[in-house]
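> The residues making up each chain are set out below.
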Amino acid sequence: MTLYRNPFSQRAAHHLKHDDQFVSNFGPGIIGRLPDDVWDRLLIVRSAKGGGKSSLMRIFSAGSLNVVRQKYPETAPVRQALAGAGVLDGDEVRRLGVVVSLDRDYRALLDLSEDPGVVRKLFFRLLDARVIVGIVKAALEVSGLQYPRDLSTFSLVPNGEDPRTEVLLARVGGGNGRALVQFARSVERQTIRMVDAVLPTSLGEDVLGHSELYSLELLTGCRLSIRGGPLAAQPLLMFDDGHKLGPDQRLALLDALRRRDTAVARWYAERFEALSEQELLGEVGEEDRDYVLLRLEPRGDDRAQQQKFESFLIDVAHRRGHEALLVYAQERSSFTEMLSDDRDAVLSSCSTNVVSSLANRVRTAADESLAPARYQNWLDSAKALAGWDAAVRWRELEVLMARDRDRQPDLFGEALPAEEAQERSNAGLREAAAIAVANEFDVPYFAGPRMLAKLGGLNVEQFLEVCGALFDRMLTYVSIGRDPRLSVEVQDRVIRKASNLYWERVRREVPCGADIQLLIEHIVDIARLEEGKPKVPYPPGVTGTALLMVERDHLLDENFRRSHPGADRLFHALASAVAHNVLSAQPDYSVKGGRYLVLYLNRLLCPRFNLPLGYGSFRERRLREMLSWMIEVPAHRQRQSDQASLQL
Amino acid sequence: MTESRWDHYVMGHDGNGQSPEGLWVTASELAAEGSVYILGLGFDPRCLDGLRRFLDCIEDPRIIAIELPPPADIADPYAVELAEGNREAFDSLTRDRGTHFVAFPNVEEQASAGRNIAKELTGGGLLPSDAHVVVDISALPTSIFFPVIKGLLESHDLAKTDPSHMGGQLQIVASENPAVDMLIEEQGVTEAALVGGFRFQFDLDADQDTTVIWVPVIGENAEPVLRAVRERLSPDDICPVLPFPAKDPRRADRLVSEYQLFQHYDVRPHSIIHADERNPFDLYRTLSRFHRETREALNEIVESAVVVSSHSTKLLSIGVLLAAYEHELPVVAVSAMEYRLLGSVDEAMEGNTLVCIWLTGAPYDES
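Line by line, the protein sequences are chains A and B. First residue of the first sequence? That's -3 in our numbering, and the numbers climb one at a time after it. First residue of the second sequence? That's 27 in our numbering, and the numbers climb one at a time after it.
Any given hint could be a false lead.
[Said to hold, decoys possible] Partner residues are not named here, just some residues of chain B that face chain A (Cβ under 10 Å, in silico):
#1 Glu135
#2 Ser138
#3 Lys145
#4 Gly149
#5 Gly150
#6 Ser181
#7 Val215
#8 Asp235
#9 Phe270
#10 Asp292
#11 Ile299
#12 Asp302
#13 Arg311
#14 Thr312
[As the list claims (entries may be wrong)] Where chain B lies over chain A, by a calculated footprint (3+ residues, C-beta under 8 Å):
#15 120 to 132
#16 149 to 155
#17 177 to 187
For the record, the hints were derived by calculation from the structure and aren't laboratory data. From a predicted model like this one, the values you see are computed outputs, not experimental measurements. From the three backbone atoms N, C-alpha and C, an ideal C-beta is built for every residue, glycine too.
Put together the whole structure using the sequences plus the hints.
Have a look at this one:
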């Protein structure tokens, strides 16, 4: 029996164990999004869960750089991107990355003592130990040496004769690699023993630690040395998963990292959480002066960035799927080329003649209007088309004509030119028309590479998950000797199933899942209300809602939440939904003279609710209405609850 | 063959000739300082099964109740109703008895809650040094009862001259019922973490890269949890434990199919381990042997770590706990934020079986 492995099943690239596997699957486009000046000031990277921040950091680490330096053909784009970013200069490494993960053990330190001074010291002590180990490992690896065998070849050598540097070196065991790691190991073990204890213990004076980040100072005051010779690369410390720290820990670390009097490059990554105090970076300093902020996901209203990101996702899919398709199916086409987008074939297999039905309806509406001749050119332009394009155009015209009737048209004027239909329309309306056709005539809709990228919701992990579902189907075909290409119908079925599974997972896997589903159902109700209008109000395709920023700030206030029914549930549901990517959030969106927090449904939910995939359209709601969503049980849920009670 | 600590075990359950009551009475008579019954107070409908029977045969025990956080109303009002009902029934059962309540700690990190409760139980003067202690895990999540039992075992294993040493007779009780398990759905399961007390020295930055072998003990309906643990560990190899022998001989096959272990988890057929679905000590022995053999095979070549997780019944999780305690195996778990009942539990409750496992004291020649 041949076992076919799905190359998309290991979702997150940063979990791919082997560096060569990781580098081969890495899409280098993301490196180009780094701001220019990230080597001498703090870079804060934010993204949703699965948005790619850990992968971005890993590509700068020693293991990845070593793979890239070997100049395999498939890693050429990554090599080029790293050279462009100033990380590689030929074969030489200019920036030596060390990833320090903040998701282990640090937060547990907060439960060891009620004294904030004590926990701060424990925090920095453990962090220093891990930074030191990270730097030693990275230096050895990039020099082709082994850890821990070659520890004694590494040393930290003071740049000058600063007594402070000598004191700090002594505190961490001395400059030699072996001594440094011994110190770090001892600190880690001691700290973990304290954290993991199940019998009462006391914190001894000698393990209390220090309240500054020594490692930054040390790396500024010393140079890295291997076998007595200097390592020219600038250390790049990358702290990942900052959202796992307690609030005070996070601020203490950011405060330490924003210092400009250090020779070390500092990056810090955290998951984006639109409803937490971390959104407010005022205490960290001034953006551009003290830190640079990079949001990995493009904003929903930034179409150019979205398209770039979608191209990056397609590139990732090609890399993942290429070898498997070649080996399993002897197929040289790319993964996305295996996804048919032939919608004409889909229409021709419908029982109803979709194009004729729509055309007749639109002609009837034109004939019954006050100026039938006005739309003649528009109707002729649609008649010239065939298949799916024609169906979408007829539906589009139906909307444009309804809108036109509101404009008090010149009943005796000439027919509107065909180009005017184009000018009055846009991509959003065309997509709304397309999905309206699909919904009305039960035509498979969700298919094709373009839609696949959109379904990823601007999130790498989610994109890979949808690809994985489609690839599973391809593997089924391969295993029975069939062509692995997927028709539009098959893709639509797979994607809708993935959408429904995702919906179930929201309830099961996401904290406050039931409340989040309630929230989403209300947002979908808004969308239904809008799409039911004949004129499909501008902009079309509502898939989100928005809350005034000032009302968002109310929700952050515990006292407000205590005094307003539903507020606590709404706050936790929104916070959880954003943290887990069920809703994407864009703060400070300016519209109609107000600043809004815009909340879009995760794109993978759109197939379940038959909604279009484009961003851009939302309807704002006041906080008091959103609070009522949490209190009043919607009618359809009440019916479900009644039925369940009867069955019990 | 190397002997493990609990190779010769004592276990009693309804229908096997050795009832839990028999074990309780024997243990109670051996303890110089009376009996203590520790349980979790929550929504699980089985949470008072053991206590009711215990009170029928043991005179005047002390009772320690760990107050679990109440279920969220939105997740399931039925769970809220069950929790309230359990509390009322508990108050009625324990009226006029000495009951100590352990409040659920307010912590920054979830795993700290279990550790803190363990410290309160072992260090607060609550437990005499020569008592009969019963821990009823029926309503306690893994993140709580694992560190609690570890704390009690560690206290027992301290030198007798250590003032914190606790001798006496330690037993674990669980009210088991797969039909009820199937009705309880965990919700809000997201990220996996090492269980409090079972981190040991796993995954330290200063150590060289370790080959991680993940051994999940698999039961039904655990897909989100398995995914979360795999994401946390990024294991180099996965050796799932499937139930065999089992009441339903095809159960193991169905689990392979449910999770598509070969396709989605890259499990190789020869990596599958089997253990008796009804005997935690078979699992304990199996895990102990696996750990020894892995260490012998790999340690000359590469640093390796066997990491376990339990996704089956409470009974089998005891086998995981004992193996992890004895061999210092890291344990990973995923905590649920909420629970939902998928139907009425009344009918299913008729199938409850009480199990008692004796862990320390007289059966192990400890006097």
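> Which hint numbers does the structure go against, in order from smallest to largest?
Structure breaks hints 9, 11, 12, 13, 14 and 16.
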